[in-house]
Amino acid sequence: IWNPFDEGLRYWLYRFYSIYFVSIVMIGRVMSLFVRTVTAENFRGFLQEFPLLAVEAADTMKGIAFLVHRVEVLELSNGFNWERHLWGTPQI
Numbered sequence: 001i002w003n004p005f006d007e008g009l010r011y012w013l014y015r016f017y018s019i020y021f022v023s024i025v026m027i028g029r030v031m032s033l034f035v036r037t038v039t040a041e042n043f044r045g046f047l048q049e050f051p052l053l054a055v056e057a058a059d060t061m062k063g064i065a066f067l068v069h070r071v072e073v074l075e076l077s078n079g080f081n082w083e084r085h086l087w088g089t090p091q092i
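When we follow my numbering, the leftmost residue of the sequence shown carries the number 1, and every step to the right adds one.
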């Protein structure tokens, strides 16, 4: 299985893709949902768009936090998955 966190060309491609996706796609979605929320024709439309805006904004913040704290996330994931590296443990 390909590990996107191993150093090499694939690592940099995956990192570029991650940064592009968070900075362009996700922030673009938040901006478009913000415009749809602000320009809602009535209160019902506002109530439909505002939860979507909140969820997408939270997901974007999660993506930014993951990009900023990538090293800590990898360290924690390796720490919590130590049993997967034992000889007798089946790989998931």
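Derived by calculation from the structure, the hints in this document are not laboratory data. Heads up, a few of these hints could be off.
As the list claims (entries may be wrong) - Label pairs and their in silico Cβ distance ranges:
1. F43 with L67: 25 to 31 Å
2. N78 with A40: 20 to 26 Å
3. H69 with I27: 15 to 21 Å
4. E41 with N78: 48 to 54 Å
5. A58 with Y14: 28 to 34 Å
6. S18 with F80: 18 to 24 Å
7. L74 with Q48: 18 to 24 Å
8. V68 with T39: 43 to 49 Å
9. F80 with A40: 23 to 29 Å
10. P51 with I24: 21 to 27 Å
11. R10 with I64: 19 to 25 Å
Given the structure is predicted, the values throughout are model-derived calculations rather than measurements. Using N, Cα and C, we set each Cβ at its ideal position, and we do this for glycine too.
(Q) For each hint given before, does the structure comply? Return the numbers of the non-compliant ones in rising order. (A) 1, 2, 5, 7, 8 and 9
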